[in-house]
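Peer 1: Protein chains in written order, with this note's numbering: chain W, -4 to 487; chain B, 35 to 260.
Some hints could be false.
Stated by the list, open to error - Negatives, chain W to chain B, calculated, CB over 10 Å:
id	residue
1	Ala8
2	Ile122
3	Gly129
4	Val135
5	Pro144
6	Val159
7	Leu165
8	Tyr172
9	Ser232
10	Ile286
11	Gly366
12	Leu411
13	Phe423
14	Ser448
15	Asp475
16	Val484
As the list claims (entries may be wrong) - Listed below are several chain W residues computed to face chain B (Cβ distance under 7 Å; list not exhaustive):
id	residue
17	Val125
18	Ala149
19	Val178
20	Ile179
21	Pro180
22	Gly201
23	Glu362
Stated by the list, open to error - Derived CB-CB ranges, DEER-like:
id	chain 1	residue 1	chain 2	residue 2	range
24	B	Gln155	W	Phe388	49 to 55 Å
25	W	Val484	B	Arg187	51 to 57 Å
26	W	Ala14	B	Gly245	51 to 57 Å
27	B	Asp92	W	Phe398	57 to 63 Å
Since the hints were derived computationally from the structure, they do not count as laboratory data.
Ideal placement from N, C-alpha and C gives every residue a C-beta, glycine not left out.
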Amino acid sequence: MTALLLTLLAPGAGAIILALVPSVRVGSFLNIGICLFGLAASLGLAFGVLGSGPLGGTEFYVDAFNVYLIALTAFVGFTTSIFSRTYMAHEVSTGRVTPRRMRLYHSSFQGFLFTMLLALSTNNLGILWVSLEGATLATVLLVSLYRTPESIEAAWKYFILCGVGIAQALFGTVLVYLAAAHVIPDADQALHWTVLQQHSAELDPGVMSIAFVFLLVGYGTKVGLVPLHNWLPDAHSEGPTPMSAVLSGLLLNVALYAIVRVKMLTEGALGAAGSGLGEITGQLMMGFGLISFIVAGLFLHRQRDIKRLYSYSSIEHMGLMTFAFGLGGPLATFGALLHMTVHSLTKSAIFVAVGHASQIAGTQVMEHIRGLIRTQPAVGWGLLVGTLAIAGFPPFGVFISEFLLLTATMKSAPWLALPLLSGLAVAFAGLFRYLQPMVFGAQPAGQTAVKSSIVPVAVHLLIVLWLGLSIPLVLANWFDQATQLIAGVGLL
Amino acid sequence: MQQYFDLPLIEQAILTLAAMILATSLALLAQSRVVATIRLFAWQGVFLAVITALVAIDTGEPHLLISALLTLSLKAAFIPWLLVRQARSLNLLKESDAAIRPGLILLMAGALVVFCYNIVQPIEVLAASVTRNAVALSLAVVMLSMLMLITRRKAVTQVVAFMALENGLFFAAVTTTQGMPLVVELGIAFDVMVAAVIFGVFFFHIRDSIGSLDIEQLVRLSEHSE
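Just chain W, with the same shape it has in the complex (with noise of 0.2 Å):
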């Protein structure tokens, strides 16, 4: 408990300092030491759940499948106010940004931490909601942080999008309640996800279906499921880029934690009324995931903006884990989990290596983008390991995950596999026809290499290159507990 209380208080106590600190090297550096010493809770508080169960049961409940997330969100959170020193600093010296907004910054970006952990760690269904709502407001400032006119504008879609795409959730929990007013006699405790979930068969059917809907749509529109999505890209390339590595690392993820949730809830008083109405949660999630996967990808193939580009392959990737969690099923699930982390982890280290290159560049115009490899071999590579392991090669972990998935799809609903299969091409094209030439066409004259940190890059890449080869037992049995957790049986 102690653990999960420092966990959360360090984000929650950091966005506050970070505010007050005047300084962007102190506040840079404090940054880092903040989000250290939060991983450092984080994971005391993981090997606590893996060894002891799960932890709490009134307003904080952690189990096997929050906790990994938990971990990752501290973890990514870290490796990203590395990254942030060096790129802010830069953003700093060329004028993009005053040192007065780079305490917004810094408080913004523990403020967000702070929300994303407070939605994984806690047991009330109506707090999910709050911090998920707090999470764009903590980050809808930074989306609009160098005051462009396009930068405001994502910032306005993002928030108006965004707000009344939770709005619907917000009606969707409202019925939750109602459906568990009417089961659990302590009002305060109906939103309990521990207690829900105890009582999930009684729960009415009819309310429980209307609510799924609701909250489908509302965290769907925050996890960028097609046609929810618009807001995503804008905001992911406007912003500065540590918080575009965050957004399509945790936030997604924490949205479809939130969904899954639900459909767990869902399945639990729909399967109890019979009629094989269990079924209608998983394939409406597999249908918004289809959708998502296939138009994401076919999207990959006109941008411009090298931003734009990778936060089209998450909305893909997120279709993708949607689609998987719909499935069902063990394998499925597993693989929708490894998923969950490999691309998180992906993802981010691509961002910071397109970050950097916009900066050698002086644009994200992926046209003016070129030679990267010549200029600074560290973030070319960076940028075109990253993207291999996205686009699924062997042996990176996202190959594992989605051979996992696409062998579940083969046994359960095989005509699926020929559009995830085709959808994987299209996405591996798009993906490529641009990274050719920004990595290794000619070197535009004068271009230089800027100060980097490609350290998390590595580290992200090694360890998904590692999840590819050989997963080790301990995260093995850690995803097979969460799997249990969520289809009922284990895979292991």
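Using the hints, position chain B against chain W.
Peer 2: Leaving out everything else, chain B in the frame of chain W:
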């Protein structure tokens, strides 16, 4: 109609006020002047606070009185005050933001209300006519606010629509489930307040970057313009 008069007086009052909230939503859709829009929104907040207080008395849930107070101070006073103040400093109070086809939009609004009643019809838990009506009405307020959000061109009126949407959600929570647990309600109120402040900051950013608050001019980022 018979059903309505069979209800206790306090529930009749709740239903009447619920209908008035829907009426303010429709009026918001039709109203084009900025200052009148904000005023209507404040009235909606007042009705909502009164309903919350009535439900608190009806069901004997004391924590709802806190929510009623919170609604009154936040939705009926603080946010309208903030919006008026900012609209004044941006010289927007007298401006109007007319929808393109008001008649068609109101017809659509009518259709949406019918649609919302249709959605909640099959829910058996909502056997009590008060809750069934209230869920339908609150869903209608949510839908109408979304309609307002997509038909408006000015940032200020879009924010009013956004906040009216929040009103609809709160309305749903109060009438169907006697409010959410207190900790959740406080969290939501905090989010709404922060959102209102951030919106205020945004007005100035938008004006500084494009010279007006017409959202129509925010069209730089789209897949087609590339």
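Peer 1: All hints, please: hold or fail.
Peer 2: Results of checking the hints against the structure:
With a least CB separation of 18 Å from chain B, alanine 8 of chain W remains clear of the 10 Å interface cut-off, as annotated. Against the 10 Å criterion, isoleucine 122 of chain W falls within the reach of chain B, whose nearest CB is about 6 Å from its own CB. Against the 10 Å criterion, glycine 129 of chain W falls within the reach of chain B, whose nearest CB is about 6 Å from its own CB. With a closest Cβ-Cβ approach of about 6 Å to chain B, valine 135 of chain W is found to fall inside the 10 Å limit, against its non-interface label.
With a least CB separation of 4 Å from chain B, proline 144 of chain W falls inside the 10 Å interface cut-off, contrary to its annotation. Non-interface status of valine 159 of chain W relative to chain B is broken: a Cβ of that chain comes within 10 Å, the nearest being about 6 Å off. Taking the minimum C-beta to C-beta distance to chain B, about 5 Å, the non-interface status of leucine 165 of chain W is violated against the 10 Å cut. For tyrosine 172 of chain W, the shortest C-beta to C-beta distance to chain B comes to about 5 Å, within the 10 Å cut-off, and the non-interface label is violated.
Distance check for serine 232 of chain W against chain B: the nearest CB is about 8 Å away, which does not clear 10 Å, and the non-interface claim fails. With a minimum CB-CB distance of about 16 Å to chain B, isoleucine 286 of chain W clears the 10 Å threshold, and the non-interface call stands. With 10 Å as the threshold on Cβ separation, the claim that glycine 366 of chain W sits away from chain B holds: the shortest Cβ distance comes to roughly 24 Å. No beta-carbon of chain B is positioned within 10 Å of the beta-carbon of leucine 411 of chain W; the least distance is around 27 Å.
Annotated as non-interface, phenylalanine 423 of chain W keeps its C-beta farther than 10 Å from every C-beta of chain B; the closest such distance is 21 Å. Here serine 448 of chain W stays apart from chain B, with its beta-carbon at least about 29 Å from theirs, past the 10 Å limit. Here aspartate 475 of chain W stays apart from chain B, with its beta-carbon at least about 33 Å from theirs, past the 10 Å limit. No beta-carbon of chain B is positioned within 10 Å of the beta-carbon of valine 484 of chain W; the least distance is around 32 Å.
This hint holds: valine 125 of chain W has a C-beta 3 Å from the nearest C-beta of chain B, less than the 7 Å allowed. Satisfaction of the interface hint for alanine 149 of chain W is found here, the shortest Cβ-Cβ separation to chain B being roughly 6 Å, below the 7 Å cut-off. The closest approach between the C-beta of valine 178 of chain W and any C-beta of chain B is roughly 10 Å, which is over the 7 Å cut-off, so the hint fails. At about 12 Å, the closest approach between the beta carbon of isoleucine 179 of chain W and any beta carbon in chain B exceeds 7 Å, and the interface hint on this residue is violated.
Interface hint at proline 180 of chain W: violated, since its Cβ lies 14 Å from the closest Cβ of chain B, which is beyond the 7 Å cut-off. Below 7 Å, beta-carbon pairs count as interface contacts, and glycine 201 of chain W has one with chain B at about 5 Å; its hint therefore holds. Interface restraint check: glutamate 362 of chain W against chain B, minimum CB-CB distance 12 Å, threshold 7 Å, status violated. About 52 Å separates the C-beta atoms of glutamine 155 of chain B and phenylalanine 388 of chain W, a value consistent with the hinted range of 49 to 55 Å.
The hinted range of 51 to 57 Å is satisfied by valine 484 of chain W and arginine 187 of chain B, whose Cβ atoms lie roughly 54 Å apart. The hint said 51 to 57 Å for the Cβ distance between alanine 14 of chain W and glycine 245 of chain B, and at roughly 30 Å that hint is violated. For aspartate 92 of chain B paired with phenylalanine 398 of chain W, a C-beta distance near 59 Å keeps the hint of 57 to 63 Å intact.
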